[in-house]
Amino acid sequence: MKCRKTKIYMLCVILLFSFLLSGCLSSSAAEKNADGTQGESAPVEYRCISNPESKKKIYVILKNYHGAYWKTVIEGVEKAAQEVDAAIYLGGIDNETDISGQIRLMNEAIEQGADGILLAPANSNSLVESCEKAKKKNVSVVLIDSSINSTEFDACYMTDNIDAGKMAAKEMIKLLQDAGNSPTQPLEVGVLLSADTSQAMVNRVSGFLEAWTQYAPSQWDIAKDIFLNGGDIEKAQADAADLLEKNKNIKGFYGCNNTSTIGIAKTLVKEKRTDIVMVGFDMAKETQQFIQDADYQGVSLLQKQDQMGYLGIHSLVSLIKGERLEQKFFDTGVIMVNSYYLMEKGVS
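Note that the sequence shown covers residues -29 to -1, 1 to 319 in mature numbering (1 follows the signal peptide of the UniProt record, and there is no 0).
Bear in mind the hints are in silico, worked out from the structure with no lab data behind them. Keep in mind the model is a prediction, meaning the values are calculated, not measured. For each residue, glycine too, the CB sits at the ideal point set by N, CA and C. Relax, there's no trap hidden among the hints.
Now the in silico label distances, taken between C-beta atoms and shown as ranges: (1) Val15 x Lys107: 25 to 31 angstroms; (2) Glu242 x Pro157: 20 to 26 angstroms; (3) Glu46 x Glu123: 24 to 30 angstroms; (4) Gly293 x Ala209: 49 to 55 angstroms; (5) Lys26 x Tyr311: 47 to 53 angstroms.
List time: in silico DSBU-like cross-link candidates among lysine-lysine, alpha-carbon distance up to 35 angstroms: (6) Lys42 x Lys106; (7) Lys316 x Lys275; (8) Lys141 x Lys217; (9) Lys292 x Lys50; (10) Lys256 x Lys145; (11) Lys275 x Lys106; (12) Lys256 x Lys241; (13) Lys27 x Lys104; (14) Lys104 x Lys26; (15) Lys275 x Lys108; (16) Lys299 x Lys104; (17) Lys275 x Lys27.
Modelling step: build the complete structure from the supplied sequences, incorporating the hints.
In structure tokens form, the structure reads like this:
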């Protein structure tokens, strides 16, 4: 038991070190691709989605613009845009590793006279300077989905990711038990996430490891390799397949974000691994189909990301008017989605 606690502690330290180290990288390092080559930023340019004649200007900067998760965020933003007197400009990046792209969009928003910015930071350290710059220009900044390693923002709407991670670990243990795994037999759980530079991801893993250490049988462990996919589904799928091939003790997968969960679900179905359970985040069609398939065992923690976008816009309008918010952090909550939940909701 002591050995396992030491191993899990080391995983936490490595993850935290990676998170802190990301803030020390130069901008040129942030622009490099995974293979070490220099990459070009190609952010999704701003488009005005409502009230172009309004004197109030709000810029929305997402971190995986065309991802299924972010389409729901956009729905919340668009709903709020119809209810407020503000010109809403929507933009973002297509890959969570394109930090320089987000920084460029932040600079453009400030230069174009933004009154408020709604930001989903792709990197909790590298976006600090941009947020500080905005605040110095008296631009209101509201964060969604993840926070930054600074207090230079006005509000943040996100899941309490440490609590969500703990919930995921407890559910993982239950699923492994329900699948017939003996507490006296060794097994491992693989962990996939989009990036170790996001505070949300780090907290989901930290919460998971904390609860796992407390509640899991001593013979059950976490795989030493934690895979990063940068928000790319194909990469997540390849990572899951690689882990299955190299580690015969894998009996569970924890997907810390939407793309990781999709990749895991697709891999398990493709390889017909009905012996492996999954706990993930969010709800793409692949995830829904996996949960509804009686041959597989899995759940997903559904975030209320539409509320992040919706409430974030309304908060910015209030801040621009000079109103003060009652608090800085707002937990938008999660819902545990299993086959029974989908059945009760009549989802097909």
